[in-house]
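**Student:** Construct all of the structure, not just a fragment, from the sequences and the given hints.
There are 2 protein chains.
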Amino acid sequence: MRFSKAIEELKPSDIREILKLTENPEVISFAGGVPDPNFFPVEEMKEITQIILKDQGEKVLQYNTTDGLISLRDKIAARMSTAGMLTTVDNIMIISGSQQGLDFSGKLFLDPGDMVVCESPSYAGAISAFRANQPEFIEISTDEEGMDLSQLKAVLESQQNIKMIYVIPNFQNPTGKSWSLQRRREFMELIRRHKMPVIEDDPYGEICFDSEKIPTLKSLDTDGFVIYLGTFSKTFCPGLRVGWLDAAKPVLQKYNIIKQSSDIHTNSLAQAEIDKYLDLYDFDEHISIINQAYRSRRDKMLEAIKKHFPGNCRHTCPNGGLFIWVDISEKINSRSVLVKALQQNVAFIPGESFYPVSNICNTFRLNFSNVNELEIEIGIERLGRVLKDELD
Amino acid sequence: MRFSKAIEELKPSDIREILKLTENPEVISFAGGVPDPNFFPVEEMKEITQIILKDQGEKVLQYNTTDGLISLRDKIAARMSTAGMLTTVDNIMIISGSQQGLDFSGKLFLDPGDMVVCESPSYAGAISAFRANQPEFIEISTDEEGMDLSQLKAVLESQQNIKMIYVIPNFQNPTGKSWSLQRRREFMELIRRHKMPVIEDDPYGEICFDSEKIPTLKSLDTDGFVIYLGTFSKTFCPGLRVGWLDAAKPVLQKYNIIKQSSDIHTNSLAQAEIDKYLDLYDFDEHISIINQAYRSRRDKMLEAIKKHFPGNCRHTCPNGGLFIWVDISEKINSRSVLVKALQQNVAFIPGESFYPVSNICNTFRLNFSNVNELEIEIGIERLGRVLKDELD
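Order-wise, the sequence lines are chains A and B. When we follow numbering that gives the first Met the number 0, the leftmost residue of the first sequence carries the number 0, and every step to the right adds one. When we follow numbering that gives the first Met the number 0, the leftmost residue of the second sequence carries the number 0, and every step to the right adds one.
Mixed in with the good hints, there may be bad ones.
Identical copies carry no separate label here, and so any pair may be met within one copy or between two of them.
Below, simulated BS3-like cross-link-like pairs (lysine-lysine); rule was C-alpha separation at most 27 Å, straight line [claimed, not checked]:
#1 Lys306 - Lys45
#2 Lys53 - Lys194
#3 Lys45 - Lys74
#4 Lys248 - Lys19
#5 Lys45 - Lys58
#6 Lys152 - Lys299
#7 Lys152 - Lys194
#8 Lys299 - Lys387
#9 Lys306 - Lys339
#10 Lys10 - Lys248
#11 Lys339 - Lys299
#12 Lys19 - Lys53
#13 Lys194 - Lys248
#14 Lys248 - Lys4
#15 Lys19 - Lys339
#16 Lys248 - Lys53
Rather than coming from a laboratory, the hints here were simulated on the basis of the structure. Values in this document were obtained by computation on a predicted structure and should not be read as measured data.
**Tutor:** Rendered as structure tokens:
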């Protein structure tokens with residue numbers, strides 16, 4: 000069989016291959032990007048699902064509209080507006096997790112050879128999704144405040160076939176870094192000047208350990224350049240595969256056409272479950288309970304890193320999200336660290352897959368949301384030993 | 000914004016636009032391809048969901064493997080094997096409805112300018128899904144036994160860049176026609192000679208009013224050329240968006256990579272619900288109840304057509320599935336019939352969207368599964384009057 004050119008070149012996700020190894024219960028896994036299932040509202044889901052099936056069973060089990068359940072879209076629009084992103088139900092489409100929004104964005108904007116700009120490093124799942132359309136990637140460095148705008152400006156001024164910019168300004172995957180408000184404002188000025196579509200991926204914005212959130216790009220966007228991706232996978236339950244996409248109406252219509260032929264619509268029972276949860280329970284309270292736990296785990300992990308890692312390891316100190324990013328001596332390859340860590344029953348994700356172009360082998364990503372504090376202490380201690388051995 | 004070339008050209012589905020008009024409860028709609036929600040096992044779903052959330056709530060609400068729930072894949076493999084399609088759990092991936100299998104197949108095989116062969120007419124949703132990859136379509140006529148193999152042979156021998164063949168041999172959408180066993184055998188001989196991948200879309204195979212089913216292409220395939228798409232949307236509940244794909248292992252691996260970056264995995268609560276239903280209930284009994292009802296409706300519709308349509312309307316007499324296909328005088332355009340029918344509160348789908356290349360305007364599709372016998376009598380009578388008026 001002769002496959003399409005894009006698919007011939009696509010490789011299985013490195014991350015998902017490593018995650019398979021972590022299925023062994025003895026492994027302390029810092030690898031996934033996974034919420035702690037202890038916080039899933041299982042009892043509430045039982046109650047909610049009974050109500051939905053009783054009141055509207057035939058409706059939620061039937062085919063539904065591609066845009067998604069209007070009452071859920073309504074609630075999402077209200078939540079976004081409260082968070083400073085003024086929007087309406089007509090700007091929102093329900094998608095099967097925000098990953099689907101990445102796949103659709105690739106389809107919507109990219110022809111083979113077109114260029115897509117992203118942070119360096121960036122989310123591996125976005126890179127794979129975009130690759131299906133055979134684009135070229137341009138990586139832009141980030142500092143402590145966000146994307147380097149002089150680099151971005153130079154690229155936007157010199158390249159004609161850049162079709163979109165993909166960014167994760169809040170508690171980025173993989174680094175955990177957030178952009179400063181100032182940098183976001185300057186970025187949006189550049190975007191307005193170049194009239195460039197921006198995919199703002201925001202799965203972690205609500206997993207925020209600070210008392211104040213920094214406004215999203217969407218909330219600074221007056222002209223409809225920002226396409227915003229949200230999800231219930233980190234704050235509610237990823238197994239339901241429900242996320243959303245907010246875009247200017249003419250752009251949303253294009254996404255709707257793509258969704259029609261991709262999977263017709265997202266599971267409507269799942270949409271109704273989340274809608275009913277938002278009706279009956281205090282979602283913000285739920286999120287704040289998760290955030291308290293994750294914040295303690297982040298603290299514990301930073302403390303353990305300080306105690307056990309070699310002194311020349313640099314790492315981020317995120318104020319939210321699920322990840323800490325580690326930068327080790329250039330003499331060490333994080334893949335060979337992983338091989339040795341797995342022998343000690345500890346797992347993480349080597350940084351390589353987060354760079355679409357660069358060949359950087361001395362970084363890795365640690366997840367702190369789905370491990371308890373004891374596991375963090377033991378796992379980081381073991382990992383520290385492996386790193387010190389490698390440096391010797 | 001500059002969109003990708005494929006998307007610039009994609010138009011909203013005609014069918015979904017018409018379906019919006021049928022939301023008015025006064026409209027008798029023969030338009031959808033929709034099962035009757037009265038047969039959805041709502042009470043069973045309540046019971047099942049409670050059991051799943053109690054026993055494995057955290058598991059089904061968490062991220063899961065891209066392939067899908069192993070126990071569901073196992074049961075699907077067993078059902079397929081019983082139906083003559085010898086297969087294993089390792090050949091099966093769960094997808095979000097069989098529509099997703101069409102989208103993925105386009106991605107897997109088609110580069111811009113590649114050719115895809117299909118029946119004339121064919122499923123409009125498949126045509127849209129493939130169009131996202133900018134292929135050229137080759138339509139092959141069908142007679143009462145299936146695809147015209149002399150046409151197909153000529154095309155396969157003369158064209159170098161045909162990448163796949165898409166067919167619906169059982170109770171086809173839109174015509175309701177099925178291929179004879181003899182035609183299927185000859186088709187597979189041709190396939191073996193040309194080593195050509197075949198997408199066999201089989202959403203209607205189990206909606207069979209005959210006592211004996213004709214073997215699928217998959218069951219006649221000894222060399223792994225057939226990629227088989229199945230779904231629970233017609234026999235169970237479409238709102239859950241659960242289907243499956245069966246392919247040779249190296250091909251399935253490619254589909255798995257595509258699914259990883261498209262939506263990670265299909266809603267796992269829905270997978271577990273179907274799995275548990277298959278455990279606790281008699282699915283074949285459920286299907287036979289549906290089939291009895293649909294068979295009566297088909298009978299009623301054929302009878303009403305005979306009584307009310309003008310004598311020169313030809314139509315199919317399907318032994319299963321959801322549709323009857325009508326061929327009217329070439330003097331009449333089925334779109335203008337639709338406009339007048341909608342004024343009489345009757346809807347159907349004009350045939351145009353089912354031809355990727357041909358410009359044929361005098362056919363239309365009638366659905367009989369989601370209307371009762373009284374609605375069929377009244378709706379077909381009204382439609383008959385519109386057709387007779389148009390012929391005058």
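**Student:** Let me make sure I understand: some of the numbered hints might not hold for this structure. Which ones are they, in numerical order?
**Tutor:** Hints 1, 2, 6, 16 not satisfied by this model.
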